[in-house]
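Trainee: Construct the entire structure; sequences and hints are all you get.
Going down the list, the protein sequences come from chains A and B.
Sequential numbering from 2 applies to the first sequence in the working numbering.
Sequential numbering from 39 applies to the second sequence in the working numbering.
The set of hints was computed from the structure by calculation and includes no laboratory data.
Remember, predicted model here, so these are calculated numbers, not experimental data.
Just to be clear, a hint being listed does not mean it is correct.
What the hints assert, rightly or not - Keeping only pairs whose Cα atoms sit at most 30 Å apart, straight-line, the calculated DSBU-like set for lysine-lysine is:
(1) B/K109 <-> A/K293
(2) A/K356 <-> B/K109
(3) B/K110 <-> A/K356
(4) A/K394 <-> B/K1028
(5) B/K117 <-> A/K311
(6) A/K313 <-> B/K799
(7) B/K117 <-> A/K397
(8) B/K109 <-> A/K388
(9) B/K117 <-> A/K305
(10) A/K397 <-> B/K799
(11) A/K232 <-> B/K109
(12) A/K274 <-> A/K34
(13) A/K232 <-> B/K1028
(14) A/K210 <-> B/K110
(15) A/K210 <-> B/K109
As a plain string of letters, each chain reads:
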Amino acid sequence: MAFLKRFSKSLFLSLVLLFSVATTFEVVAQDGKALFSQNCASCHAVNKKLTGPALAGVEDRWPDKTKLHAWIKNSAAFLKTGDAYANNLYNEYNKVAMNLFPQLTDKEIDAIIGYVNTAAKEPTTTKPSDGDTAAKGEDADNSLLFGILTLVLAVIALVLLQVNSNLKKLADQKEGFKTPEPVAFWKNKSYIAMVVVILFLVGGYYTTKGAIGLGRSKDYQPVQPIYYSHKVHAGVNQINCQYCHIGVYQGKQATIPSVNVCMNCHLAINEYKGEKIVTEEGVEINGTAQIKELYKYAGYEEGKPWDASKAKPIQWVRIHNLPDHVYFNHAQHVKVGQVACQTCHGEIQKMGEVKQFADLSMGWCINCHRETKVQFKDNGFYSIYEKYHADLKNGKLDSTKGVTVEMIGGTECQKCHY
Amino acid sequence: MRKQHWQSFGELNNTDAFKQSVDNEFKEELIVEDDNKGFLETKAPRRDFLKYLGFSTAAAAVAASCEMPVKKAIPFANKPEDVVPGISKYYATTYVQDGDAVSILAKVRDGRPIKIEGNDLSPLTAGGTSARVQASVLDLYDTARLRFPSIDKNEVTFEKIDKAIAQEIANLGGAPIVILTNTIVSASTKEVITQFLAKNLGSKHVTYDAVSYSGLLLANEASYGKKSIPSYRFDKAKVIVSFSADFLGTWLSPVEFSKQYALGKKIDEKKPEMSKHIHFESVASLTGSNADERFLHRPSETPFLVLSLLNAINGQPVVGIDDKLKKSIEATAKELVEHKGESLVVAGSNDLHVQVIVNAINEALQSNGKTIDWSSTFNIKQGIDAEFATLVADLNDGKVGGLFIYGANPAYTWYDSKKFVDGLKKVKFAVSFNPKADETTLLCKYNIPDHHYLESWGDAEIKTGFYSFLQPTIYPLFKTRQWQDSLLKWSSSSIDYLAFFKQYFIGKTGSETAFDKALQIGIYQAASTLASAPVFILATVSTASSAIGGYKKVTGTEIFLYQKVAIGAGEGTSNPWLQEMPDPITKATWDNYLVVSPTMAKSLLNIDLTNNGQADAYEVKPPKHVVEIKINGVSVKLPTLIIPGVHPNTVGIALGYGRIKSLGKAVVNDNGEPNGANAFVFASYKNKTLHLCNEAVTLADTGTKYEVALTQTHNIYNTNQGNRTEIMKELTLAEYIKAPKEILEEREAEAKPYGGLSKFKEQGTIYPSAINERPGVKWGLSVDLNSCTGCGACVIACNAENNVSVVGKPEVLRGHEMHWMRIDRYYSGNDLDNPKVVFQPLMCQHCDNAPCENVCPVAATNHSSEGLNQMTYNRCIGTRYCANNCPYKVRRFNWADYSGSDSFPNNQKEVLNDVVLNMNDDLTRMVLNPDVTVRARGVIEKCSFCVQRLQAAKLTAKKESRPLVDADIKVACQQSCPTNAIVFGNANDKHSAITINRVENPNRIFYSLEQLHVLPSVSYLAKVRNVAEEGEAVHGAESKHEHKEG
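Mentor: Here it is in structure tokens:
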């Protein structure tokens, strides 16, 4: 009997598990929104005609779902079947062929259509979320409190010292000892010496700190010609960093995207419909106006075909400045070292306007080089370090700690200065 | 057997001044004006001190407290698909200048070419370059380039000038137009010219080369019926004999020949064999210095010598030359005859008859078809002097209506330039397409400057059927136009040159795809048409020999005009890199001068170099005697250098100097006077060809003196441990075959106190831990002294790659030159007039036990785990301890702000030469390599093994997740080397070229100053000279030296 009970219990548990897995599948299938923005959004909107037709009501226009699937997966092949509606559509849109999506499964297409249906019903409203701001108060600085407390304690200590000396004086008088005339504390040499020492230490500390900080610009957050929000692009819309910063895997510079890269998407996305953008100062930003600002640089007039040759470069304010004698290569860190962008740039996907996250000081670089492991086993280059491989095998090197950048010479001068 | 090598006469004689200079710790002069007083004795030093202190404190405070400037980051508006900012692209193109053509790759970084590399795919040069090729990228950014089309020096638009010239052509009224160019190597351009000539009947094209090969061309026409120059195969020749043909430096196609020559000089240790090179010359040349045997003669003796050689080869008696030369000619003939079919004789003479005899010699030696290849002939030198002389006469007779000048500059280079200038004034109109305001262009009414070659489209048919393409690597910087476009326009063609060029080569290659591919690799070879070797016309020999029989013997002093490797006939004069490159032979910069032999110095200047005090009074530092050279009433005054390797009755002057101001800051000194003097005035025109030599020279010491900036003794160092005699190792082939382990044994003996070579590394130091482990990479470099010709391509390549500053003549005089790499010239042997010469390229040796590292008080120089001796500029405080402690003297100190990187602009105006400041112009600075820090004043710098390239190479390998291979990395000097003398790579890798180089040459390898136990990362392969006699007798100076040591 006990066995049966145990069995039913485990059966129940596994059922629960199975169910939860099934629901996760549901979740994946329902992620039509993500699929939509990945695949369709550059040419289609839900309620608006862009390069391609508005997708709202697509199911009504395509009663046969298999046909719709075939069309989306390979429009060119489908056109050849001679389907009248498809051919009309093709002609209507100036014979601009729709991209091919052979990688989409039927399920995924249905998920996209599902999203289109729900999005078509909802009027586009933006709900500002208050969650972020609520938490802010907690981070308030306690140093002022500590400062006041220290000051009060210091005053009490001073008063007590004074009282102590007065009492001593009285006691001495009582005993009949002659005591020298008390010196006022502002004339007392030991007090003066103490104050001087304290001032010297405190002043010296701040001077040194200030001098070290010269030329560093942590938290630098200049106003840019266009309010470009990484939060909207990389955060909400999950655009891969490399889509815009194409150099990051290839070379020294990550590169700032040129106007034509922006226009790849913004030819289609001409208005901002996401959550309200508010700067850290509380100023509300009109996203759509910022897109129009981009159009000015691009020389693009809506409704007309874009002539890329009219574009002018956007003069962004450079935030991350390394001195001229420092060589930094993005590919080395991101492609070879597999370092995440956020390690140096902070939570960029949550930033509105970009702010310098790290102080980019040499100490900061060196520290990371001391701690970071290289991709010792995965990258074929490091096979030449035969000794380290042997040491890892025979346990001379702690395999959990691995081989750090420093061990292969990553803290030597001419790794960055030449 | 050890030989005494000496760099200077002082070293040879061990003079007082030499001893003093090697003991002098701080050899370089201070840059502050010397007021003959010590710092403390000067007026109010305390006040000055306070002033400077106050100023620097205030300046530092101001500089530091300034607000950080707002910098912009401006991306492309539309990014071209294949351009990634910060990543260099390489475009195949072709260096073309005055008929010289070398296939190259231009390294383009963010839209601007910054470095020239050789094109490995070229079957001719196979990746080799020359100093001039390397420096040509700087010419692109030359501030003296003409920036717009002009009429009478006033800027006009292209439309206006086209209209004006069309009008001029219409007004000619049948008078012919002459297109005067230097050699045109481009096949499509020739077609353009043909089209233009067809439109303008009666017009003609005249080719004029400043240094012409007329004699050779005409001789080949006489001997073979072909007015062209065949291909030479120095690699197939076991015996090479040259009569003043400087084929490694300036003759015909030096890069290609160097490559071939070095192949014959490579030694396989298991089978030691090498070619033998016998050189006859009058004035020391690069090629002569590399020869196994060199014989000196008068320029006027050349015809007799070649005739004697022909006779000797044919077994006839040798008469008419002196005994010493007779002996050498007979010995040479013997060698040649022994190697029939494997020998080659060339001559640099421009005498038709001499070249005919040389042809006869080569025929007698059966070279034709073996070492001389007629299936593919050179197109690079086509000028015939007589045609130009006729043109000059026509100009003066007023027979020419319009003159178009491209490339040629006869107002400077023609021996009788006055006559040409007079004639030029008689033409109705003259158009110059030259890119700079040279001597001829200034006399032309119209000027439409041509693009620099890096901005141009085009082709170079270097040899028949071998094409090398040009493609633009940058948008034209100025309002310039390719001259072919102008010609096409004026022959009312409907298409521009680009379309014309494309059409022409699509026709040749067969399709647009084939053309694109050829353009991409830069090279196209037409299917070879195997022409049979032409038949030698024997009859010409007797004509030539009887003509030579009629020549008179000369008894007086003769003059020989030579081209410097860097300057050529004037192509390199306006380039500061080339001007500052020490000439391989004389080690002089920025000037030309009269070169005389030590023997002549005795009679002319009263300087006996074997006399201790007199040598010191002459050598290096003291200003040189200025001598007046006079021929037929033409006189030139030049300072005199005493150079071993010059015939006692001959003097030499380099061409290319004495230019006009408008060519740029590099051709004049600070007073606006030209550097050096024009030597073309001494050329002679005889037998319808121009000879760069002359007779009846009178020389007179003017009594005045002039400073020449020589670098030869700037870097001498002597200690009890590291004596200079051992910095070089050299032996003869005979010795080498007899005792192959000689050098190894010598090294073994040096290391004996430490338990021999095997234990030397560990036992030679009390700090064995100083020799660190190299877990991954250990960089190493090797120089084969047998292949190195000393041409200097590496020096300029290093300048371009590493942003090495130009310092100007006054600074070189102070010993402040900045070259990271220098080529030391050593003499050896008994004969002061004709010693043996060895070149040794010397860069930072990246010692594993580096003496510079442990004396730096701020650890600005230290060692990397890859074996690099690192230099960190921003740590350096300029104590110069490291430079003093370096036994190789390869560290350089920035005495002034040469590179303009100081935060106070223009603060060096009073201190530095104009040409240095000109190098800091925004335009010139475009040549800087952005991957290398531009050094500021007050820091030490030195060779870094091109660490930026090493890092990039490792990154490439890492990105592809594979181990490093040799193909990833070529350091700048290695890349530029035409002879592959330099090998570089990872010495930890068993399969790398550097490891193989060291393992396969155990008997020739040596490390410079090895006994110091500095453990250099640079190894050398000893020079082996192919001479018959087994070493020379121990030099007198060596016994002296040993005496000193003992």
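Trainee: Which numbered hints does this structure break?
Mentor: Failing hints, ascending: 6, 7, 8 and 13.
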